Amino acid sequence: MSLDKKAVRAIAELARIEIPDEDLDHLAGELSGILQFVEQLAEVDTTGIAPMSSVADLTLPLRKDEVTDGGQVAAVLANAPDADDGFFTVPKVVE
Amino acid sequence: MIIQGDTGDWEIVIGLEVHAQVISKSKLFSGAATDFGAEPNDQVSFVDAGFPGMLPVINEKCVEQAVRTGLGLKAKINLTSVFARKNYFYADLPQGYQISQYDMPIVGEGTLLIDLADGSSRAIGIERLHLEQDAGKSIHDMHPSKSYIDLNRSGVALMEIVSKPDMRSPEEAGAYLTKLRTILRYLETCDGNMQEGSMRCDANVSVRPVGSTELRTRCEIKNVNSIRFVQQAIEYEARRHIDVYENGGEIRQETRLFDSAKGETRSMRSKEHAHDYRYFPDPDLLPLVVAQDFVDGIQATLPELPDDKKARFMTDFGLNSYDAGVLVAERASADFFEQVAAGRDAKMAANWVMGDFFAAMNSGDYSWEKPPVSAVNLGKMIDLIKDGTISTRLAKDVFIFMVETGKDPAIIVEEKGLKQVTDTGAIEKAIDEIMAANPDKVAEVKAGKDKLMGWFVGQVMKATQGKANPGMLNELIVKKFQE
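So the protein sequences, as listed, match chains A and B.
Our numbering applies: residue 279 is where the first sequence begins, and numbers increase by one.
Our numbering applies: residue 12 is where the second sequence begins, and numbers increase by one.
Since the hints were made in silico from the structure, they are not lab data.
It cannot be assumed that every hint is accurate.
Computed spacing ranges between beta-carbons, pair by pair [what the hints assert, rightly or not]:
{"hint": "1", "chain 1": "B", "residue 1": "Q350", "chain 2": "A", "residue 2": "L340", "range": "55 to 65 Å"}
{"hint": "2", "chain 1": "B", "residue 1": "K85", "chain 2": "A", "residue 2": "D360", "range": "44 to 54 Å"}
{"hint": "3", "chain 1": "A", "residue 1": "A352", "chain 2": "B", "residue 2": "N362", "range": "55 to 65 Å"}
{"hint": "4", "chain 1": "B", "residue 1": "A302", "chain 2": "A", "residue 2": "A356", "range": "52 to 62 Å"}
{"hint": "5", "chain 1": "B", "residue 1": "G16", "chain 2": "A", "residue 2": "L319", "range": "46 to 56 Å"}
{"hint": "6", "chain 1": "A", "residue 1": "D360", "chain 2": "B", "residue 2": "N373", "range": "39 to 49 Å"}
Owing to the predicted nature of the structure, the values given are computational and were not obtained by experimental measurement.
For every residue, glycine included, the Cβ atom is placed at its ideal position computed from N, Cα and C.
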């Protein structure tokens, strides 16, 4: 599978990464190379093997339903570029 | 529901996605609290705020609640399920992705029975139920140029419950939401409060010519916050589609917003490119595996669900489908009714609970924890009617005194002297007095004007302050006139 300029532009937009037009060709080549590298895995015969979503042979540990966190407004907002009255504030999101 | 267009008849195809907030003390992947109405950002852990290096650890209660809901919807429980990242950017989504489930949800296909106004029921398919995180809350009206973000809701567990496109009218959609809410409340997995946003609904709507089985392009109407608005939005949207098709146009798949003030839907342009979520398994989370024993243990603790309860009320108590349906709509009302009806005339108990009791409940600041009249006292009052101490008519007064004072009905009857008069002599004496005072009317009745007999009944009732036993009074008056 190879990506063209248009696909790279769409992916960049979804990821909110600004890419100048002159870089698109180069990136399309690099990304296609990565995809081709990964596609080699398709050569392995996986007939009869259940799809895995993790390579670790472990299952998810569960925690008890207890309130153990929170009550730290100042710490939560400490790195916020902008905050007011306990809220994060951002440039207005117009709907 | 069939909509008549200019070119023919159309049918609506509706599927609903409900986001139900899970009842749990702490969040899906963090130990921060979930209570509604806390100070902004006071219930936020670094996990919920998407700080670098923070790792999610799943809350077992939320898993249990999802399985419980799945069992309540008679659905397949997937013992292995997988969490995935749904990627999108929004100011109230600090991680830049929502942890959700994609191709391996915790609950698979199920069924929900909806009850329609004509007394019939219909099965609606459930496609899936999955667990996911809620986002934070954006407030747009606190500042002219800024949006305010509160992350208290960020990370609270949601169950997204997706129906199959099985509904064909706004009425069916409303019945589905009503029934789903009832089941969630019976199970105590979600409080079902649409105003506070703990149950939110997105509707997928398309139309097709009657007789066709195709599925045409659908539009998704987001976050409508009451059942009535969902129904209005669906009807508006269906008519819009028909207009577009009949004028030779095409429907574009898009997300739309319902404007309840104008009663119309409109395109949400901001969501135009949002459909590419690039899901992938969350590398921070291993597959969720639950044991069959865990599922069986939950199954064993399921309460009697509304459909079963309704059927039992109809067979055991001889109630009709409508009455049984009203009483089981809330678990608390069903329990209340059962307490009142125990060992008594169930139809009479149902009438009192659904009549005077519901009216009193709605007229003041009451709740099931603090009802206007206790089930014990209402039951005792019914006993007093049955043994002839009070008539149904007097019982209405006793009921009002019970609401006012909370006293035992027997004490009220004693104190207020509301005992009905069943002494034949006393009633006869009252009749004689009224007859003696109104010879002209007596003559009219004797001349054949039977309707006037009712007037005599009323007068005697008045003279006895409503205490004359109505059955005996009627009988005695007829006898008097025959003499």
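Now for the hints, and whether the structure bears them out:
At about 38 Å, the CB distance of Q350(B) to L340(A) disagrees with the hint of 55 to 65 Å. Checked against the hint of 44 to 54 Å, the pair K85(B) and D360(A) passes, with Cβ atoms roughly 49 Å apart. As the Cβ distance of A352(A) to N362(B) is approximately 59 Å, the hint placing it in 55 to 65 Å holds. Distance hint for A302(B) and A356(A): a CB-CB separation of about 42 Å, inconsistent with the stated range 52 to 62 Å.
For the pair G16(B) and L319(A), the beta carbons lie near 52 Å from each other, so the given range of 46 to 56 Å is met. For D360(A) paired with N373(B), a C-beta distance near 47 Å keeps the hint of 39 to 49 Å intact.
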